[in-house]
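Undergrad: These protein sequence lines map, in sequence, to chains P and S.
Counting the first sequence from 1 gives a position; the working numbering is that position plus 4.
Counting the second sequence from 1 gives a position; the working numbering is that position plus 2.
The hints are simulated quantities; they were obtained by calculation from the structure and are not laboratory data.
Since the structure is predicted, the reported quantities are computational estimates derived from the model, not experimental observations.
Do not rely on the hints blindly, as some may be mistaken.
[As the list claims (entries may be wrong)] Partner residues aside, some chain S positions facing chain P, computed with beta carbon under 10 Å: (1) Asn53; (2) Phe67; (3) Phe68; (4) Val114.
[Claimed, not checked] Keeping only pairs whose Cα atoms sit at most 27 Å apart, straight-line, the calculated DSS-like set for lysine-lysine is: (5) Lys74(P) <-> Lys30(P); (6) Lys110(P) <-> Lys80(S); (7) Lys30(P) <-> Lys60(P); (8) Lys73(P) <-> Lys110(P); (9) Lys114(P) <-> Lys74(P); (10) Lys30(P) <-> Lys16(S).
A virtual CB, placed ideally from N, CA and C, is assigned to each residue, including glycine.
The chain contents come next:
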Amino acid sequence: SQQGEEDPQALSIQEGENATMNCSYKTSINNLQWYRQNSGRGLVHLILIRSNEREKHSGRLRVTLDTSKKSSSLLITASRAADTASYFCATGLDSNYQLIWGAGTKLIIKP
Amino acid sequence: GAGVSQSPRYKVAKRGQDVALRCDPISGHVSLFWYQQALGQGPEFLTYFQNEAQLDKSGLPSDRFFAERPEGSVSTLKIQRTQQEDSAVYLCASSLQIDYGYTFGSGTRLTVV
Numbered sequence: 005s006q007q008g009e010e011d012p013q014a015l016s017i018q019e020g021e022n023a024t025m026n027c028s029y030k031t032s033i034n035n036l037q038w039y040r041q042n043s044g045r046g047l048v049h050l051i052l053i054r055s056n057e058r059e060k061h062s063g064r065l066r067v068t069l070d071t072s073k074k075s076s077s078l079l080i081t082a083s084r085a086a087d088t089a090s091y092f093c094a095t096g097l098d099s100n101y102q103l104i105w106g107a108g109t110k111l112i113i114k115p
Numbered sequence: 003g004a005g006v007s008q009s010p011r012y013k014v015a016k017r018g019q020d021v022a023l024r025c026d027p028i029s030g031h032v033s034l035f036w037y038q039q040a041l042g043q044g045p046e047f048l049t050y051f052q053n054e055a056q057l058d059k060s061g062l063p064s065d066r067f068f069a070e071r072p073e074g075s076v077s078t079l080k081i082q083r084t085q086q087e088d089s090a091v092y093l094c095a096s097s098l099q100i101d102y103g104y105t106f107g108s109g110t111r112l113t114v115v
């Protein structure tokens with residue numbers, strides 16, 4: 005069963021624009037992680053944000069976490085064609101080693 | 003090695019055949035996970051090892067699935083008497099600690115015909 009729900013399911017934008025993806029979840033969490041997956045490849049870890057953090061940055065990536073709304077967003081600024089991939093959020097639950105995954109957002113960057 | 007290595011990259015099996023999928027995690031990573039990913043979906047948890055101990059196998063879909071990590075490093079996922087519904091990408095991930103990000107391998111795409 006999947007806890008995370010990414011929104012939108014698919015997103016197509018012009019190169020250079022910003023891309024925002026959202027993730028909602030149902031239960032209390034220890035952390036929330038974002039991963040990228042290029043077609044036919046494994047998942048690449050992007051950012052981990054802990055439940056006591058509200059915002060985190062890494063290069064062109066910005067992640068926010070709102071535990072009161074049980075939601076997170078991933079912002080990619082100044083998008084590039086190489087950012088075309090599927091993006092997944094995964095929640096690490098309290099006292100649990102499992103990650104619960106959403107179905108992902110498919111991002112297409114048009115040159 | 004520098005990353006998590008999985009082999010084979012692709013496997014085509016005839017229905018009823020047994021298969022073995024290998025995962026070589028990052029050296030020193032205590033935690034190892036197997037996931038199954040269907041096309042267009044997120045990964046689904048199969049099993050978790052801490053060193054050589056299999057602490058959770060609740061995600062294994064049937065008793066045809068078996069995983070081991072005898073020396074706490076390389077792991078093998080075995081599927082006996084494969085069925086068409088076993089067709090998926092099988093992902094292995096390792097982590098230094100369970101609440102750190104995971105490093106995934108490129109996966110094994112299994113097709114059962």
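Undergrad: Now tell me if each hint is right for this structure.
TA: Verification of the supplied hints:
no. : hint                   : verdict
1   : Asn53                  : 13 Å, violated
2   : Phe67                  : 17 Å, violated
3   : Phe68                  : 19 Å, violated
4   : Val114                 : 18 Å, violated
5   : Lys74(P) <-> Lys30(P)  : 7 Å, holds
6   : Lys110(P) <-> Lys80(S) : 31 Å, violated
7   : Lys30(P) <-> Lys60(P)  : 21 Å, holds
8   : Lys73(P) <-> Lys110(P) : 23 Å, holds
9   : Lys114(P) <-> Lys74(P) : 31 Å, violated
10  : Lys30(P) <-> Lys16(S)  : 40 Å, violated
Checked against the numbered hints above, the structure breaks hints 1, 2, 3, 4, 6, 9 and 10 and satisfies the rest.
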